[in-house]
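If you're matching them up, the sequences are chains Z and U in order.
When the letters of the first sequence are read in order and numbered with numbering that gives the first Met the number 0, they come out as residues 0 to 669.
When the letters of the second sequence are read in order and numbered with numbering that gives the first Met the number 0, they come out as residues 0 to 151.
Because the hints were derived from the structure by calculation, they are not lab data.
Computed from a predicted model, the values in this text were never measured in an experiment.
Note that the Cβ used here is the ideal one computed from N, Cα and C, for glycine as well.
Hints are supplied without guarantee of correctness; some may be wrong.
Just so you have them, the derived chain Z footprint on chain U, three or more residues with Cβ under 8 angstroms [stated by the list, open to error]:
# : region
1 : 16-25
2 : 58-65
3 : 87-101
4 : 111-119
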Amino acid sequence: MNMKEFRPPARHKYQVPASVREEIERKKKPVENPYKLLDFDVQISLRSLVEEGRLSLFPNTSRISVGMGTCGRVAGAQVIARNLSERNWENRARVISVGCLGACYAEPLVDIRTPEGKHYFYGLVDRGSLWQIIKTALGEPPSHNLWAVARERQTGVLRGIHDLELIKLENTSFRDFFHPQVRRISGRCGLVDPQNINEYAAMDGYQALEKALFKLKPRRVIDMVANSGLRGRGGAGFSTGEKWDIVSTNSDPVRFVVANADEGDPGAYMDRALLESDPHGVLEGLIIAAYAVGASRGYIFVRHEYQLAVQTLRQAISSAHRVGFLGRNIMGSSYTLEISIVESAGAFVCGEETSMLQVMENNRGEPRRRPPYPAAQGLHGHPTLINNVETLANIPWIVLNGAEAFRDFGTGKSPGTKIFCLAGDVERMGFIEVPLGISSSILVGEIGGATEESVKALHIGGPSGGIVPYNEFSLDYESVAATGAIMGSGGLVALGHNRCIVDIARHMINFMVKESCGKCLFCRDGLPELEAHLLDLCIGKAEEGILEEIEDLSQAIADSALCGLGQTAVNPVLTTLKDFYADYQAHIKGRCPAVNCKPLIDFEINLTSCRDCRACYLVCPSGAVKMRSGQDRYIVDQQLCTKCWACYETCPFDCIKITSEEFMWRNSYE
Amino acid sequence: MKDVPKSPWEDFPENERLAINILNRIQADNGFIPRELLVELAECLDIPESQLHGLISFFNSYRVRPAGKHKIRICYGTACYARGAPLINDRFIEALNLDGNDTSPDGLVTVEQVYCVGACSQAPVIIQDEEMKSKIKSYQVPMLLDELRKKP
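Bound-form chain Z, shown alone (with noise of 0.2 angstroms):
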């Protein structure tokens, strides 16, 4: 080695980290350009974006936004949409592709404004009904296939779904499913176009960051979203206030903001709607929580599953940075944030927030240990501030309309409104905003459709969450889970009662082990003995005893795993025994109540109703099902069927039976 390069280390010697460097010299420099501060040049920026986009929120001409979310393209929206686009409208209408306005049952959803401001909703398109579309984008009255008509309450005038008031129904279902719910963060989903960033602006959108920047200090900021007592949507309800103090009075000047967007939780697809959606709502929120708390670099951390997502994120971004909303100098002020996209790749765990961190640092997703917590010591060792998605696009609304406005719906403890995803067995799913401590049964039973003999149990809050019985309970932080249940981030999947519950607990364990990283004894080697036992009970092997080890395993592992993920993951299992303790005897004895557990079921063939039109015999994989002359004429061999449910599933006259002994099959929903 050259003896003039060699310097011998500084071990001893404190050294500002390089990245702490940048920033204070960053800091130091004056602004470029003073003369940008001024308010006008702003004001005539995005005033110039709100009047771009209302001429293509209101255009002369018809527009019909085709709903394209993930929810639509799965229903065969693309089709539509392709149908529609290539049809030559001579300037008569414009083809736009929304997001989702949250009525999945009913994709794909095409809604059609006329120029005189009201809106034709037509639901489940298919084919048939395509030409009906045209016809009242020409303008010539509709006749069928119509779900609803609404009317822009002052024409020219769209924020959000509340705007719409309905004149004309057709459909029944459409007003039962919105009737309930108040739109405030997702009141744009469906109506805007997500890759226009115009129209966002046309619908009050990036008004909160005008003001945030121009009219309020950070510390306001931070003051007006404390006193909103808005709570972290993600699961835990820990106050978003709270922790934009934390991360904000940090000495530390290297901040950075994460937005949680990597949504694990099967069942809910909130974060992925409001991606898709309405992007730059999320978006505004993250550069508002940046502003607050002095950070200079966020991230998003998206989930690899939702590729739609993502490229919508990608181009509101791009979009954001060619108007000046993001980058330097956001909107002519002296504050500058960049934005990047980290795409999870499918591990429920990096939901957890010191997982996710791990993996931004090139590591395993490995959780650690909390305190200290992300707000004081995150990313790269700098005080980080985690959001969900959720909580994020909450920010907007609040900085605009004040904190005491938000205490207008929802409980004192958890005020605001949420978003809950409906799947399952209800006659009407999709996602739904409705004021926390709303009643169980105005969401599954008036919006959801479902009565009450149809719906068992409600799984809620995802395989951290429980299954509990379908009766009346308030939808806030604090009820939920005096149920044994949790909110998490507000997916509900409800069950009818052909679904086994013991099933669906293994089902979730078995989630859970594979999910599991591994790190602690108790959920890497406890869960998988936990599953052992609940298959034992699926494929009627159990013995007596085998629930109180189920019970004790299940505390055991709650008691001493290191994480939420594991403390939570015996939740579907602890909640179902209190509740369900009928349906795991019964596994005991070899029956499956709810007919559903296939080695512990058997098919016949009720031939009463039976029209000789042998698809069961013709679909049958295995050749189970035999024809014979005489009486029985078809007959299923038990040793040959594989219970794959294929005759079940086409005969059109309902003649197969499955029994488990003494339980029949009950359909529920269908």
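Once you have looked at the hints, place chain U on chain Z.
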């Protein structure tokens, strides 16, 4: 043998140059993560290769072996599970003779389970090569496979 692919991290913006983003890109380009690229990536990011292996084995969606020609992902979220996803899975296993592997012996199809794609209202959902299909019944599986076999 394909010629050596361009390093996918070259066109990444500076602030998105995280291992996980790059690994996602590699996986998307190749269908799996080849060992050679991993060595190169470890050098480029200046982290040990073992750390990258740690990341890969941690996440569900990464593969280190090549996948089949077509990829079928069955949503195993709660709503899809309750509405019959395991029946579909069992039918695939039977029809493709999977026997514990995720790829059929003829290399035609890889079957994977994913946890919730967020289309719970259309359950059960499967994703066949980026194309989502909703409300699948198990007896449709043989027809789906026939279609796949006919595809060039």
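Evaluation of the provided hints:
1. Closer than 8 angstroms: that is the beta-carbon criterion, and the region 16-25 of chain U has 6 residues meeting it against chain Z, so the requirement of 3 holds.
2. With 4 residues bearing a CB less than 8 angstroms from a CB of chain Z, the region 58-65 of chain U meets the requirement of three and the coverage assertion stands.
3. Counting residues of the region 87-101 of chain U whose CB lies closer than 8 angstroms to any CB of chain Z gives 4, which reaches the minimum of 3, so the coverage claim holds.
4. Given as covered by chain Z, the region 111-119 of chain U passes the check, having 7 residues with a CB less than 8 angstroms from a CB of that chain where 3 are the minimum.
The structure meets every hint from the earlier list without exception.
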